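Here is how the chains run, residue by residue.
Protein chains: 2
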Amino acid sequence: MTSGKVAIAKLVDEPALAPESLARLPERVVIANVSPELDGGRYPVKATAGDDLAVSCDLLTDGHDRVRAVVRHRIDGGAWSEAPLELVGNDRWSASIRLLKTGRFQFTIEAWRDPFVTWSEDARARAAANQDMTVELQVARLLAERAADDAKTEKDRSGFLGVIAAFDAAAGEGGEVASRLALMQSDATHRLFALAGPRPHAVTYQRVLDVRIERRAAAFSAWYELTPRSQSGDAARHGTFADVIGRLPYVRDMGFDVLYLTPIHPIGTTNRKGRNNSLRAEPGEPGSPYAIGSAEGGHDAIHPDLGSMEDFRTLVAAAHAHGLEIALDFAIQCSLDHPWIKEHPDWFDWRPDGSIRYAENPPKRYEDIVNVHFYGDAFPGLWIALRDVVLFWVAQGVKIFRVDNPHTKPFPFWEWLIREVQDADPDVIFLSEAFTRPKIMLHLAKIGFTQSYSYFTWRNTKQELTDYLTELMHGPGRHCMRPNFFVNTPDINPYYLQTGGRPAHRVRLVLAATLGGNYGVNSGFELCEATALPGKEEYADSEKYEIKAWDWDRADHIRDDIRFINGLRRTSLALQQFDNAVFYNAWNDNILYYGKATADKGEFLLFAVNLDPHHAQEADFEVPLWELGLPDHASIEVEDVASGNRFTWTGKVQHMRLDPYERPYVIWRLLAARRAA
Amino acid sequence: MTSGKVAIAKLVDEPALAPESLARLPERVVIANVSPELDGGRYPVKATAGDDLAVSCDLLTDGHDRVRAVVRHRIDGGAWSEAPLELVGNDRWSASIRLLKTGRFQFTIEAWRDPFVTWSEDARARAAANQDMTVELQVARLLAERAADDAKTEKDRSGFLGVIAAFDAAAGEGGEVASRLALMQSDATHRLFALAGPRPHAVTYQRVLDVRIERRAAAFSAWYELTPRSQSGDAARHGTFADVIGRLPYVRDMGFDVLYLTPIHPIGTTNRKGRNNSLRAEPGEPGSPYAIGSAEGGHDAIHPDLGSMEDFRTLVAAAHAHGLEIALDFAIQCSLDHPWIKEHPDWFDWRPDGSIRYAENPPKRYEDIVNVHFYGDAFPGLWIALRDVVLFWVAQGVKIFRVDNPHTKPFPFWEWLIREVQDADPDVIFLSEAFTRPKIMLHLAKIGFTQSYSYFTWRNTKQELTDYLTELMHGPGRHCMRPNFFVNTPDINPYYLQTGGRPAHRVRLVLAATLGGNYGVNSGFELCEATALPGKEEYADSEKYEIKAWDWDRADHIRDDIRFINGLRRTSLALQQFDNAVFYNAWNDNILYYGKATADKGEFLLFAVNLDPHHAQEADFEVPLWELGLPDHASIEVEDVASGNRFTWTGKVQHMRLDPYERPYVIWRLLAARRAA
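Just so you know, the sequences run in chain order S and Z.
Taking the working numbering, the leading residue of the first sequence gets 1, the next gets one more, and so forth.
Taking the working numbering, the leading residue of the second sequence gets 1, the next gets one more, and so forth.
Just so you know, the hints here were simulated from the structure itself, not pulled from any lab data.
Computed from a prediction, not measured in an experiment: that's the story for all the values here.
One or more hints might be untrue.
Since the list gives no way to pick out one identical chain from another, each pair is judged satisfied if it fits inside one copy or across any two copies.
[As the list claims (entries may be wrong)] Lysine to aspartate or glutamate pairs mimicking EDC-like chemistry, simulated, CA-CA at most 20 Å apart:
1) 439 / 551
2) 152 / 82
3) 544 / 76
4) 101 / 425
5) 399 / 415
6) 342 / 388
In isolation and in its complexed conformation, chain S is listed as follows (with noise of 0.2 Å):
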């Protein structure tokens, strides 16, 4: 009735021309809610290298044909791979995708009806209701028989040729129907079709999704901010770069990753800010190292005070040599003595009496800087002089840079200079300063900053605390916002560290360190040194208004608990991850008590943490013997990793007593574990 031709060309669905309102038909199979994806496209999300991306997605067709689907990507602009998506449930499909180095990755999905695959199965119903399978085994040739005139290779075509003259050799003989389905049904086969087979229908995803996979230093790191002037140990001496090379083994002793520099320029005289950040700077003062410019060069310049060019170069790399990077500050505000409102009128925001406006948020003023402008007659020539600042720190050796307040310069401007730069050297960091709304904070990552300042300084409860990590955890910036858990900044004085003492200082360590992957410390705060200028966040005698001279080795610093939280961050592959945190029961509101595992459960660290810096707290507690699989009345071993020491607890529930007085945290690993009788 009718031919083979048209068989199989009914088999595989293919479409026919069409008249006008049907020319553009959208597709059959659909690709949709993909993951990881932002704001549909708009901007890459973040990933970092030695880590799988998870691709995710739902597929539809109609009817009860099979789909299959390939994640397609690729790196750097070169070849694209395929990867198979695999059934997870409820029409959801992933994959997953070992990143092997930096740089633009790119991905989309292409899917498509299965027709081999849906007659595959099919047949197995059938026959395993006894229908006649005879009719049935010829749609299956004519798939191969297509498989073959479609086939792109040589090898593929001879592939079928070989299934299709099995087939036919089997004709005649006693299982003659049993064998066919056996070959057809094999392995052997399925693997063909999948390599090689037809793809009628196939759709790809309408969009190509960028990654942008950054090192290591991008989602992990454990940074300690100081600044350069106040190494000299000495109140009336200016520090130099050679000071602070002097305190690498201190910093390095300790174990961080990063020495983050307040900024090393040029400050200018006029209004410079005096101590405690009064109007007028008392002669020999020394001023704010963020107001940026004077006679002696803007921002690719360097204090004379602290050393020269080849002095700071010296540091990079002595820095180096202790296993530390070097970050800079990035504060694009000018003093009134900066060189550029000379060269660049153009580039500041005059008012029409020919004065500059100061930078200010009305009615507060700010009246030793002045903003830069980004628009009108400073656009480009600025936007190109701040990128070429930015490279120039990046030819000394600098890959890694805190962004002063980045909210307040045009996002446009950022997301241009943050792709020239890494597309120069895509090992070079940005972290972005910015205390502000939480949607504007949200969008500073996702058009490119690195690193996010958070909201962290300022949570302190147990709720405030399990809400914010879920939050960055899961929430709508998980695939392109790091936050970075400062305890403290030379800006910030948390009125929780001001009245909590060194007890709260060891809290907000040990909590920033294993909840954050990346996390910071402005020098002092090992000090417990929390003397704050009355009724405000702020400090005393702040280091950003004057020379400091501290005892590193006072009484009652906490560098033991830093060495040996930083000691457990390097050899944690629990801690190394930013999202597998899980908050369990402890019943007591003061104690925040969490875990984080590897995705095996070989490694699993627990942490208890008294969030009350005055009183010793108890609490009951849940051992999370259902993440490994064991019973509530299971025994485990366990082992108190601050001091070694090796126990067993049988049973779901048990009890802790944290004295802040003592130690206001513990960690706990569970090792090998034994089911109770």
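Given the coordinates of chain S, assemble chain Z onto it according to the supplied hints.
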């Protein structure tokens, strides 16, 4: 130092020309998370004429400049209008747009940095801090100059020139600064800038989003389904359209809006199904009306025993006269005797042996029907023929189609067909009968189906109903999927109804009619007919395979409940919305307790349903006094809607008892609330 012109350019931040890598900069103002938007604008969202469309989005820009935005919208390709967005909080903005008529509505968003509002709000802060305003007022004057230069009409221009003249006239007088400030801060000046001021950095959202506005019945309708041949009152006589006309007063008396007929076409004889779905019909058995097509015609023909096309048009008109709309069944499968098989063999799925494949779900087969084939040589002829079948019935006055198993036909076909038909007549409604996987069900709504059968039919417990309604009201389908809560169908006799008797039928009626905007019953439900095939969720002696005669007045019918509930639906604005149900606390898992209120709480109904059809259940429950701003000890007057009795509740916690053999539900109306002493 700088000219006035330069200063103006800076105030409005105009981008200059840029070199290569800066040539296509992204926008400075970001419009994100636009709602309603479905899959990045790929599919239209749905709305109903007469409703308000709530549009919202995030608006972000750098620094502290204020943003402003409008929704730009139009209908059916007409002129664009603008509606301002207002700040809700946390960088979220919203607008509400009244939808006046059916059609294709489109909207997008335009946003910009508003230098005048920024100046004005800053000026207020500066003035409050007693800062010198002289130069700031010059800035304002420059903004007015710029606005005059850029004005689009002469009227706007003279408006701004008037402001400048008034500004200058204030010069030299005593209160010069104060009067200029008052002028620039006046409502009139703000209005002028809002309407006619420049829009620097204006960006338009990257997509124009589609909204399909449908008529009221798309979102709110009560369906009664019947099989025309069973309306003669005599199982030995095939019913006619005239018999159906005789039943209209009965249907109308219960308050239904839509009378839905199972297929009315000629029925095939080859492999005709017999009573209770037996494989072969006995002579004289009528067959399933879903086995469409015989020598007497196909999808555009009428079964000769029902009457003529003229009789059908008479039925449509009679239904209309009774306030009812006729809905037809659109079931694409064909009997083996359908004329298309001979006329268009290319539209069918032939097997290599020359037979047509039965409709099947291997190993299950439906021997009395075959499926058409949508691609290959069937495209586009079949598509056009099927569209024309729908348009043919539209021409006979039918505007509602219940579509049988749409998930087994290609998505692109439906997307095309529904658009073609609705472009011809925007009043046509398509109900998707796809009891399939959840994402497929949702996808059919995305591609255009007006209403969807849902899982309501199998959601019986308090938790199931609460979860499912929450998903439907607030989940991913909220902007496109309108469920139609069918309590039963010819194919589905739910176990709950089989085992729960009359109380169960009353329970499901009240749930469907008060929680579903659209709901439906199959004829016989009102008689509490639930005799099942043993162990199956099917009706014994199903109307699908035989002609039935019913005693419509048999004891224990629930027509009084149906009349009451449908009457309440017609008068209650709160019931005419779908997504306004709120579940409240009643401390008994057998009692579902919820409220529906208008946005202004002018109408506030409470519903309590005893889900246990066998036993009386009691519960304490919370009167939602907080929703009315009342304290927990307040008194409130209440009406029992069924009886009309009025009484007063004092205090938040009250008690109820629901006896399934008296009345398994209660509906209360909250009347004028008075505060307790």
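TODO: State the violated hints by number, sorted upward, taking the hints as numbered earlier in the document.
DONE: 1 and 3
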